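Sequences are here, hints too, so could you generate the full structure?
Taken in order, the sequence shown gives residues -24 to -1, 1 to 273; the numbers are from mature numbering (1 follows the signal peptide of the UniProt record, and there is no 0).
Mixed in with the good hints there might be a few duds.
Unchecked claim - With a straight-line cut-off of 30 Å between C-alpha atoms, the simulated BS3-like cross-links for lysine-lysine are:
#1 K108 to K198
#2 K198 to K152
#3 K108 to K152
It is worth saying that the hints were derived from the structure and are not from the lab.
None of these values were measured; they are calculated from a predicted model.
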Amino acid sequence: MIMRKLAPTVLAAAAALAALPALGQEPTGKPHALGTGLQRPVTSHAADLVWLDDMLLVIIGVIVVFVTGLMAYTIWRYRESRNPEPETFTHNAAVEVVWTAVPVLILVVIAIPSLRLLDAQMTVPTPELTIKATGNQWYWDYEYPDEGIEMSAYMIGSPAMDGQNMLTDEVRAQLKEYGYSEDEFLLATDTRIVVPADTNVHLLVTGADVIHNWAMPAFGIKIDAIPGRINEAWFNVSEPGTYFGQCSELCGLAHAYMPIVVEVVPQEEYDAWVAEQVARREESSRVAQAPAVTAAD
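Here you go:
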C-alpha cells in the first residue's frame, strides 16, 4: 500500500530529474532562469570543456563519498566506548604509499584530457576570418582588419552609453529597436560581432587601459585582454544564432556593463552585412571629405 502511494511521487521526481538536462540546454547562448549547469556548447572545444567538467564532477563525487564514508566508519569503529585504550602506532607504510599514489594517478587522469584541450584551444587553425577585440572602460572596440570594418559596442542602457543602467521605457524601446527581448537587458549591445557559420574565426584580444576579459561561454572562450599584449583564440560555430558573453575580469566601476554579443549567420547574410558596412564607411568618408558649404557661397 505504501509503495502504491509513493509510486506517483517517485515517478514525478524521476521525470523532473530527466527534464533537468533539457532545462540546462535551452535557450542557447545566454543564461536563463533555473539554469544550474554550463551553457549548451556550440564549438568543439566548448563541448570538450563540458565533458571535462562532467568527468571532474564524477571524480570529485566519488572522492567526497569515499572520504565521508571513511570518516563515518572511523568515528564509529574507533569511538571511545569500543576503544577505551587508544592505539599507540604512528604510521602505516602501506597506507601512506596508497594515499600518495592514488591522488597522483587521479591527477594524471585529469591532466591528459586537460592538456589536450588546452592545446586544441591554443592551436589556431588556418583562419578564414580575423577579428580584433579591444577592451575599454567600459565597452568593446572591434576591428575586421581584412574588411576594413571598425565599430564599438556599448551595452544598451549602460552608464557608459547614456548614464543609466535601469530598464526604463526608453531602454525598452532601444532593446526593441535593436532586435532584443526585455530579458536580454544587461546582455544586449548597440552593435554586435557578425560572423559566418562554419568558419574558422581567429580572435585577437587586447586592452586599451586596464585588464579586461573576453568571455563567451557557449564558445568555450575566456581570454584576458591585457594592455600592450595581444592574446589569441579561435572558434568555429556551425549553429546560427545570437550568443551572449561578458567581460569577466574586474576592470572598474562599470565592469558589469560591458557585455559581448556575437551573431552567427549563414555565409550569404554575412557577405551582405560586410557589403553594407563597407558602403556606410565609404559614404561617411565621402561626406567627411566633401568641401564645406558656407552661407556666403
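Here's how the hints hold up against the structure:
no. : hint         : verdict
1   : K108 to K198 : holds (15 Å)
2   : K198 to K152 : holds (29 Å)
3   : K108 to K152 : holds (28 Å)
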